[in-house]
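Trainee: I would like the entire structure built from these sequences, with the hints used as guidance.
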Amino acid sequence: MKTISASPRGRVPWVLLVPALLGLAFLVLPLAGLLIRTPWPTMGTRLAQPEVRDALGLSLFTATLATLVCMVCGVPLAWLLARVSFPGLRLVRALVTVPLVLPPVVGGVALLLVLGRRGLVGRWLDSAFGITLPFTTAGVVLAEAFVAMPFLVISVEGALRAADLRYEEAAATLGASRWTVFRRVTLPLVAPGIVAGGILCWARALGEFGATITFAGNFPGRTQTMPLAVYLALETDPQAAIVLSVVLLAVSVAVLAGLRDRWIS
Amino acid sequence: MSLDAHLVVRRPAFDLDLALTAAPGEVVALLGPNGAGKTTALRALAGLAPLSAGFVRLDGTDVRALPTELRPIGMVFQDYLLFPHLSAVDNVAFGLRCHGARKGAARDQARDWLSRVGLSGCEAKRPGELSGGQAQRVALARALAVRPRLLLLDEPLAALDAHTRLEVRSQLRGHLADFGGVAVLVTHDPLDAMVLADRLVVIESGRSVQEGPPAQVARHPRTDFVARLVGLNLYRGFASGHTVALDPGITLDAAESLDGPVFLTFPPAAVALFRSRPDGTPRNLWRTRISMIERHGDRIRVHLDDPLAVAADVTAAAVAELGLIEDSQVWAAVKATETHAYPA
Amino acid sequence: MKKSLLALALLPVVLAGCGSTATKGTPAPGRTLTVFAAASLTESFKALGRTFEAAHPGVKVTFNFGASSALAQQITQGAPADVFAAASPATMKTVTDAGDATAPKTFVKNRLEIAVPPANPGKIVALKDLANAKLKVVLCAPQVPCGAAAIKALGAAGLKVTPVSQEQDVKAALTKVELGEADAALVYRTDVKSAGDKVKGIDFPESLKAINAYPIAVLAKAPQAALAQEFTQLVTSAPGQQVLQQAGFEAP
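If you read the protein sequences in the order shown, they are chains A, B and C. Position 49 (the first sequence) corresponds to 48 in numbering that gives the first Met the number 0; numbering is contiguous. Position 209 (the second sequence) corresponds to 208 in numbering that gives the first Met the number 0; numbering is contiguous. Position 87 (the third sequence) corresponds to 86 in numbering that gives the first Met the number 0; numbering is contiguous.
It should be emphasised that the hints constitute simulated quantities derived from the structure, not laboratory data.
Straight line, CA to CA, 25 Å or less: simulated SDA-like cross-link-like pairs of lysine to any residue:
1) C:LYS159 / A:PRO219
2) C:LYS45 / C:ARG110
3) C:LYS151 / C:ASN131
4) B:LYS102 / A:LEU186
Mentor: What follows is the structure in structure tokens.
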């Protein structure tokens with residue numbers, strides 16, 4: 000796994016190698032562009048600024064919470080899609096992927112229309128419980144969860160479909176209820192899929208911009224996540240924007256690489 | 000614990016209709032070719048395949064409406080299906096936990112079961128670290144640990160190599176003998192069925208075609224499938240005393256004296272082949288053609304077809320001496336004392 | 000789609016025909032003037048563009064509307080443009096500092112207003128009402144011109160307002176009011192005007208302390224420098240000013 004080796008059948012064919020390297024360059028070069036333009040000498044002082052720490056902390060916190068929300072609802076949803084046959088299943092599956100194709104800003108507006116102070120559900124939340132979600136950290140979590148959930152659901156559903164159903168049957172013959180089967184057999188069997196989906200979900204939530212700024216607004220320390228801070232820094236101080244982007248990248252790459260080594264391989 | 004079941008499962012290209020009964024402590028083997036419906040029958044007993052009609056009565060109570068997890072069963076699957084994320088002892092403890100045992104108690108019992116099947120020391124191993132024979136025994140311990148009243152075994156030895164199989168088979172026989180409930184075993188291997196079962200039910204195309212104690216089924220096969228399995232030539236005929244008239248217009252003498260429709264069998268080793276018509280006038284002699292010659296263990300099996308399809312086992316020396324080649328004509332003879340007839 | 004393709008195919012022919020009868024010299028057919036302008040200028044500049052095209056046969060005016068700062072960045076990164084009209088002198092300064100434009104000229108001024116939902120649930124009448132902590136007020140982020148102007152106006156009034164959000168641009172702030180999520184926002188008069196009856200504008204005297212000047216300049220590397228010059232003249236001319244003032248802008 001750790002050593003580079005040729006494919007078992009000899010040399011890597013160039014028809015695969017050339018586009019692969021092109022693809023890699025395409026993905027990596029913009030990153031290199033950022034790193035080259037990073038004002039390294041002032042990096043330390045910029046990072047020490049409380050606004051940067053606030054935004055980074057808020058980003059990590061909300062992305063993690065959003066991932067948990069996605070797990071709690073998304074894994075059962077994936078199970079439903081993979082294991083239960085009901086009328087309209089195909090439509091539901093298509094609907095689940097809507098946040099993937101919806102421009103995030105539109106997603107944010109849609110969330111406002113439903114969960115906003117005058118939204119369909121938000122109106123009731125406000126009058127019955129005094130809860131308003133826009134402009135709050137909870138709103139950030141919701142916006143991130145909305146755009147990131149499909150990544151988790153699709154990944155987990157795929158894992159569930161690939162899993163051998165007969166293990167669940169074996170568990171049933173041992174007296175396990177449906178819930179026990181899910182908890183003690185299904186979940187452990189699809190754990191790699193859940194972790195992979197969770198990582199995708201977390202990464203997507205961390206980079207979320209459009210839905211967040213539209214639904215939760217932008218206020219430092221409360222709803223201003225790193226991508227929002229980057230966007231606004233770009234208005235006045237492109238250097239600061241680059242620094243923030245590099246920090247966000249470094250942290251996310253470190254976390255993802257750490258998780259990958261721990262779970263995927 | 001007794002079993003009385005009528006299993007009807009209808010699927011587009013398949014139809015199972017099987018009545019199955021077993022007395023307490025009895026081991027019943029479902030024997031049949033691939034696709035006969037053996038595994039479907041087992042899954043229907045477990046509640047994993049829904050019944051289209053019929054019933055599954057355990058001690059007189061119909062459990063048809065019960066989901067799998069509420070049936071008092073244990074099941075050993077063909078490839079064991081040990082949970083890959085659990086150690087051997089946790090695999091065995093799984094069912095106990097589902098039946099309400101506390102974690103510690105379940106583990107203690109599971110350890111006990113592992114030692115009963117001779118796997119002390121393997122408790123912490125994951126299924127991937129177990130040999131085939133060990134995995135089979137963990138699967139058996141896992142199924143027995145929940146103290147089922149009905150034990151279901153789907154091809155329990157099929158995944159093992161020949162050597163391990165011999166050993167595991169005799170151990171399994173011991174465990175089945177100790178087991179107080181009804182055991183239903185699915186196999187396509189007649190030897191497994193003979194060794195392990197008290198009674199055989201032969202299934203072909205979703206129907207029972209023959210039932211009985213293994214020895215009786217082996218001696219008196221009623222279908223080509225069983226005859227082939229037990230290595231006998233089998234024919235239908237009409238008996239008048241010792242003489243049995245077979246379909247292609249041949250008459251053979253049998254050891255038994257019967258009247259009416261009969262089955263007639265003789266083993267391939269009872270057939271003698273001659274290049275030219277032998278001296279004297281032995282009964283049961285006919286001229287025939289060699290369709291195929293093949294190796295069969297340390298014997299040579301000669302297939303004869305026209306007018307009667309017969310398998311004959313001869314020595315390699317005989318093949319050389321007689322110059323037997325495919326598509327040539329020979330004389331075949333069977334001793335009447337080795338030819339058995341029984342009512343059809 | 001087919002129709003527009005046909006129109007495109009015929010365009011050179013039409014332009015060539017016009018060119019031969021044009022009175023104003025012999026403009027090369029298919030000349031394009033590219034104008035980068037602040038988003039708040041969208042409606043009025045589009046109208047001025049049509050006027051300009053009518054007066055200059057064969058010339059096509061294309062616009063790139065967006066946040067001034069984003070446009071400034073595109074210009075300093077080498078985007079081919081002839082004219083830049085920014086929503087603040089600070090933004091224009093990044094372009095002139097980079098040497099991409101000289102001698103910007105203020106052509107209009109814009110002033111803040113309080114935008115409230117039509118029903119005005121917060122019962123806001125003056126700027127000091129925004130200091131009420133129970134109200135949800137959104138401002139623009141300090142990094143964008145309308146945010147800077149808001150800070151200036153509030154500072155002049157000696158008010159401390161804690162917004163629930165610092166929006167990324169003036170349209171986003173306005174949207175929050177339109178949807179009723181915010182009780183009030185400080186936005187430009189022109190934005191209140193373009194939102195029609197979806198929001199109500201409340202003028203406040205302190206806005207005079209935070210007047211936003213809009214500078215316009217011909218870019219140093221303008222491919223159509225002459226046309227660019229003429230366009231800026233149109234913008235500052237009396238007819239041009241009339242169009243802009245209809246949209247809510249004030250004379251410089």
